[in-house]
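Participant: Please model the entire structure based on the sequences and the hints provided.
Respectively, the protein sequence lines represent chains E and F.
At position 105 of the first sequence the residue is numbered 105 (our numbering), and the sequence of numbers has no breaks.
At position 252 of the second sequence the residue is numbered 252 (our numbering), and the sequence of numbers has no breaks.
Think of the hints as simulated: they come from the structure by calculation, not from any bench.
Keep in mind that a hint or two might mislead.
What the hints assert, rightly or not - Derived PhoX-like pairs (lysine-lysine); straight-line CA-CA distance at most 25 Å:
hint : chain 1 : residue 1 : chain 2 : residue 2
1    : F       : Lys236    : E       : Lys139
2    : F       : Lys28     : E       : Lys106
3    : F       : Lys305    : F       : Lys23
As the list claims (entries may be wrong) - Label-pair ranges, simulated between beta-carbon atoms:
hint : chain 1 : residue 1 : chain 2 : residue 2 : range
4    : F       : Ile138    : E       : Leu41     : 25 to 35 Å
5    : E       : Ala40     : F       : Ile281    : 27 to 37 Å
6    : E       : Val29     : F       : Phe287    : 26 to 36 Å
7    : F       : Val227    : E       : Ile82     : 21 to 31 Å
Positions of the beta carbon are idealized from the N, C-alpha and C atoms, including for glycine.
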Amino acid sequence: MAHAEHNLAIFRGTVKFKSNVQKIWGVFVFLSIITIIEVALGIYKPTGLMTPFMSEFEGGFFATLGNIFLSMFIYMKPLNLIFIVLTLVKAYYITWDFMHMRDETKWLRRAVVWTVIFLICYLVLILLLEGDYIYEVYKANFIKFDF
Amino acid sequence: MDTTVDTTAPEGVWSGGNNRPFKASYGKMMMWFFIVSDALSFSGFLAAYGFSRYKFVDAWPIADEVFTHFPFAHGQDLPMIYVAFMTFVLIFSSVTMVLAVDAGHKMQQNKVIIYMFLTIIGGAIFVGSQAWEWNTFIKGDYGAVETKGGKIIQFLNKDGERVKLSSFAADLPETRITQEASEGVWYQSEAETRTTVSFEEVKAGFLADKNLLIRTQYLDKNGHPTVLSRAESEAKIINDGKLVVEGANLRHNEYGHPLFADFFFFITGFHGFHVFSGVIINCIVFFNVVIGTYERRGHYEMVEKVGLYWHFVDLVWVFVFTFFYLV
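Facilitator: Printed below as a string of structure tokens:
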């Protein structure tokens, strides 16, 4: 195999490794630290992170718009938000460094990553909205189902 | 001379000559697109999990209370430690895999052999751990009662700790009749499994012990399951109680909503199947490395391709871990 050039810098070039093997271990250490943080947060569940940072805006059109744009901070526990962000960081480094996406051509990268991200976001959005809608229907219905 | 060692795909695989789209070989690019489609299958599962969870958002089991076991540490409450261990095993086997790929680039056959071997071991440990986790989940922990409406009620002592059904159930004389086809009861077959205590025994034992309380699967506004008062508890078990649930299967689940168990089996099962097939493919490639197939071929691209698949399995686990165990 013709030696593919490995891009040895991570964190936007702030950390540079001397060899590919070193980079692999560096990324492993980084992923381990993130996993340890996740597990520690998952076990201790700091109370400060268990209630959303902001409450819903009341009012008209702009309040609704604000609720949509800031929905991650209004409707989600900060702890869950942290988990999701850390997961995406982990996914990024697994794909970019372990799967060598960093060394692929720009458009192979985009063909894979953009497609997946777009479709998953779409799928998740419609399913979660629908699930929440059904929850509301159950809650406000006229049929007793808690027995 | 150029054609003696063909480093790209075999001739004619990309119809139209030697140009390589995205500068990737046929096999590697197709592996990437397979991964795209497989990622969509998994996100379909996880999104469906999210759908069901949103649908019953106020009555969903808390994963921390479900997965509290660690092998050989009986009776200890260790939430998530074992899953964290499994996550590390998988990440580490990813590292050995990428080291194998790197050694393959440098044509170091012996290093590839060692790293591939470690990867296979890691995968095997992971699949074994998952089997253990399933076994623990299926067997169950404290046991619970299912109501007529299919809701789960669990039992607490006065300190708010969960109690096992067998620890308070009364010992009633057995009134069960074995039904056999020879007696003409062909339409009622035996239950597949029997619980250790019957519902009547649980009910009698619960009514006799004034310290016990019932916890429903509905979460209060702090996210904890609602605990009923003694009077409410008695009314609940007398009016609504129906059958004893021990452990979990696809229809009943002592931890809470049956859908939780369904998704647990489907998502971790689908992922475990991927790990299993990954181990098999890794074994095949491993033996090819050992007998020198890729040395003769002149490149280790096969290791790279199976490596992509293996990392993808790890990547999926990162998401399953977050959305099933953490969030």
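Participant: Each of the hints needs a verdict: does it hold here or not?
Facilitator: Hints, verified against the model:
no. : hint                             : result
1   : F:Lys236 <-> E:Lys139            : 20 Å, holds
2   : F:Lys28 <-> E:Lys106             : 15 Å, holds
3   : F:Lys305 <-> F:Lys23             : 15 Å, holds
4   : F:Ile138 <-> E:Leu41: 25 to 35 Å : 29 Å, holds
5   : E:Ala40 <-> F:Ile281: 27 to 37 Å : 35 Å, holds
6   : E:Val29 <-> F:Phe287: 26 to 36 Å : 32 Å, holds
7   : F:Val227 <-> E:Ile82: 21 to 31 Å : 29 Å, holds
Checked against the numbered hints given earlier, the structure satisfies every one of them.
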